[in-house]
Amino acid sequence: MLPVSAAGVSAVAGCAPEDEGFGNGAPVRAEGGSIPLEDLPENTGTLVNFGGDHPFVLLVRGSGDEVTGYSGYCTHNGCALREMGEELDCPCHGSRFDATTGEVLVGPATIHLPEVPVVVEDGHVRRTA
Numbered sequence: 002m003l004p005v006s007a008a009g010v011s012a013v014a015g016c017a018p019e020d021e022g023f024g025n026g027a028p029v030r031a032e033g034g035s036i037p038l039e040d041l042p043e044n045t046g047t048l049v050n051f052g053g054d055h056p057f058v059l060l061v062r063g064s065g066d067e068v069t070g071y072s073g074y075c076t077h078n079g080c081a082l083r084e085m086g087e088e089l090d091c092p093c094h095g096s097r098f099d100a101t102t103g104e105v106l107v108g109p110a111t112i113h114l115p116e117v118p119v120v121v122e123d124g125h126v127r128r129t130a
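Offset between the sequence shown (1-based) and this note's numbering: plus 1.
Accuracy of the hints is not assured; some may be wrong.
What the hints assert, rightly or not - Pairwise CB distance ranges, derived in the manner of DEER restraints:
| # | residue 1 | residue 2 | range |
| --- | --- | --- | --- |
| 1 | Val120 | Thr45 | 14 to 24 Å |
| 2 | Gly65 | Glu87 | 14 to 24 Å |
| 3 | Glu39 | Pro109 | 31 to 41 Å |
Simulated from the structure, these hints should not be mistaken for laboratory data. It should be emphasised that the depicted structure is a prediction, and the values quoted were computed from it without experimental measurement. Where is the CB? At the ideal position from N, CA and C, for every residue including glycine.
Start from the sequences and build out the full structure, keeping to the hints where you can.
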């Protein structure tokens with residue numbers, strides 16, 4: 002995975018849809034800052050809204066309690082991503098990312114989604130940063 006640049010981080014809030022117009026790709030809302038592990042299907046990615054600053058995180062669950070988090074924002078201009086099947090789509094400029102690895106599939110983005118630290122405790126997944 003490639004590191005995100007400082008410019009990519011500062012642009013993260015750049016053009017997130019103000020009306021949360023995600024269509025069918027709306028993120029799952031994490032109530033109380035966590036989401037039950039059982040709500041995340043194994044071997045797939047789920048876009049989750051944790052609330053607060055930069056709320057969108059792609060949670061990728063492997064098997065059991067193995068979960069990895071990735072930013073839910075495009076590394077090109079910081080737009081909030083939409084879940085589109087096995088891909089994440091940037092509605093601003095058309096970049097696409099793999100919803101299980103965070104890798105860029107289609108530009109203009111050139112940097113993979115950075116990891117977001119998450120932890121599984123007592124059957125729930127929460128962000129740690």
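Hints that the structure is at odds with (numbers, increasing): Per hint list: zero violations.
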